[in-house]
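Colleague: Read top to bottom, the protein sequences are chains A and B. Note that my numbering gives residue 80 to position 80 of the first sequence, counting from 1, and the numbers run on in steps of one. Take the position in the second sequence, starting the count at 1, then add 1000; the result is the number in my numbering.
Calculated from the structure, these hints are not laboratory results. Relax, there's no trap hidden among the hints.
Subject to a maximum C-alpha distance of 27 Å in a straight line, what follows is the list of computed DSS-like cross-link-like pairs (lysine-lysine): (1) Lys245(A) to Lys1385(B); (2) Lys1303(B) to Lys1089(B); (3) Lys1303(B) to Lys1271(B); (4) Lys1354(B) to Lys1271(B); (5) Lys333(A) to Lys49(A); (6) Lys336(A) to Lys1271(B); (7) Lys1354(B) to Lys1303(B); (8) Lys333(A) to Lys1271(B); (9) Lys245(A) to Lys333(A); (10) Lys248(A) to Lys1385(B).
As a plain string of letters, each chain reads:
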Amino acid sequence: MSTQPDLLYTEEEEALRSAVRDLLTDRLDPAGVIARTESDAPHDVSLWKTLTGDMGLAGLLIPEELDGQGATHREAAVVLEELGRAVAPVPYLTSAVVATEALLECGADDLLAGLASATTVAALAVGLHSAPGAAFPAVRLENGLLSGELTGIADAVAADLLLVPADDGGLYAVDASAATVTPQVSFDLTRPLATVTLSGVAAGRRRGDAAPAVRRALRAGAGLLASEQLGLAEWALTETVRYLKERKQFNRSVGGFQALKHRLAQLWLEVVNLRAAARAAADALANGEDADLATAVAQAYAAAVAVRAAEEALQLHAGIGMTWEHPVHLCLKRAKADSIAYGTAGAHRAAVAELVDLRAP
Amino acid sequence: MTDAAELQRRTAQLLADHPPATTGRTEFLEARFDAGLAWVHYPEGLGGLGAPRSLQAVVDAALEAAGAPDNDPRRIGIGLGMAAPTILKYGTDEQKRRFLRPLWTGEEVWCQLFSEPGAGSDLAALGTRAVRADDGDWVVNGQKVWTSSAHVARWAILIARTDPDVPKHAGITYFLCDMTDPGVEVRPLRQITGEAEFNEVFLTEVRIPDARRLGEVGEGWRVAQTTLNNERVAIGGMRLPREGGMIGPVARTWRERPELRTHDLHQRLLKLWVEAEVARLTGERLRQQLASGQPGPEGAGMKLAFARLNQEISGLEVELRGEEGLLYDDWTMRRPELVDFTGRDAGYRYLRSKGNSIEGGTSEVLLNIVAERVLGLPSEPRTDKDVAWKDLAR
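Isolated chain A, as found in the complex (with noise of 0.2 Å):
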């Protein structure tokens, strides 16, 4: 490695993370989240719009000359901070970072001004749990018609366009029309998976080699993830303390107890820890230096930390951190799927043993 990553966000940064925090702060209540969940329209399209519309988040990650705002993978992670506070129904992650990752790679032009503006919402076929570099399932390309059914698609169901991997190696473009996307039960509500089944759908031209292309999206999501992570970690840690530092038992604050101080400190060494290893992923997919190891890495020490924070976010708002109205259960859903998402944390450190010639025995 031959320069030190640059940890810090810039004032441009911060600007836009106030900007993101202000809107989710007016725009999504818990309670609002609780409720859209159990409908059949699961992400807030609404928010994501105002989002992707007003303030073209969507197109962070694409050249300006493609309608995008050439901005890069630290400002993405900021807005995913500021969504994973708020455990925000809306495909960002999944949209604007994952399928915008593999038609950069495939040279997509064209699609990708409809992400940029996002006229268009789209999702890469390859299921959450999928790590980056890791064998993914492909539909079958008979007669230039794809066939074949693909499970646990994130955010399947808000998508215009799905990105298929076929059996000839190749990534193709598919309009969500005339796909059957069916609605799995998820464990995270906000985040709903799908399977996504074609029955002899016409592929159009191929868009570029899938392995690239999936590897790219998969590595962007990963890291990008730690981010997402860090800021539901840090929601569950602040409104922890906060709770705590009301709630009275035993005539005394019960913050005040020093077995709870002890565990909400130590959670607070793993967040500043976390922050440092999301920057560090982030800021290295911006330079392309380092990339596979700091998202590694990243990925290797974020999902602990994150399911850690949720769950002692429930245990110690305790009886009402158990119930469907407190916010907490969203958090924990989302903090646990994430732990799975892109990659588990075992899988990463495969990765790192591999990339830093610690090899197993």
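The hints should help you fit chain B onto chain A, whose structure is shown.
Modeller: Just chain B, lined up with the frame of chain A:
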């Protein structure tokens, strides 16, 4: 205002007047101090130029490139990191002139007479007494412990109780103690590693002139806060390369000795490698924050993180070595001037790192500090707040 260009000009002048190749080490360091290039943020005449602290890097880089001698900040760390800022803030003009120059050049090594057998984490409970004699001198009696460098130190910063009739924080006074004075006895304290890095210091009828008092009588606790805050700042801020810490030796052992590998150890090693890399990035982030003038509270956590990691990593390495892990490199009692973590065997590192969660504040106390000062959680109940020190249970 002294800017970077001005500092570069002064540094070049210093190097021209005192070429490192032909100038003695101490002479060069004294000239550097007198040129105001020792710590540029200190006042003129006291080794500095009143420049922004961040500009020190400009001077250091130019001097390092020219091969100028360094004052070995590791060896004189307590003086540089703790005594100096405290003397600068609370010292009289005479004290600053007398002490800062030989402190900075390393001619005079300092140690810290704070901890006592009965006052560790609860430092303000200390019992070493300083009583005013008729001639105005202070007469000190008591025992200190865990004193690094006492066996090589010329001077000590000392806190002692001057009024037992008031609550514990109120009756403390801060002194500069001459370690060569009669009544100061330094005894090595042998540790679990076999070596004696620390000392016990016995103070028997030690006379300290009132001119060596730092700050007002009874204000010692407030003065000591400056010392302790600087101690925590001194930890961290270092720029480590990847595998630059304790994880380095164990990773090398793993690569060079495939016959030692097991699947269980592999899982643990990878987890610790990742955690060490993340902790390194956190330290780097803290350093970048300090350099850009936006210090964050992360520093409070760095010591906690490294203590745990050092212990787990070194523990893993002892196991990795298997049969060799049953051996130890050398139990000979030694008195090192410096702690050498990576120069010795895994067994030594394992035992020495046990001190990382104790020295400079136990991890338990630091967790309270994080919880209270960073997270704003309620402070621990204080049963000793309004009680005279002499009436406290001990």
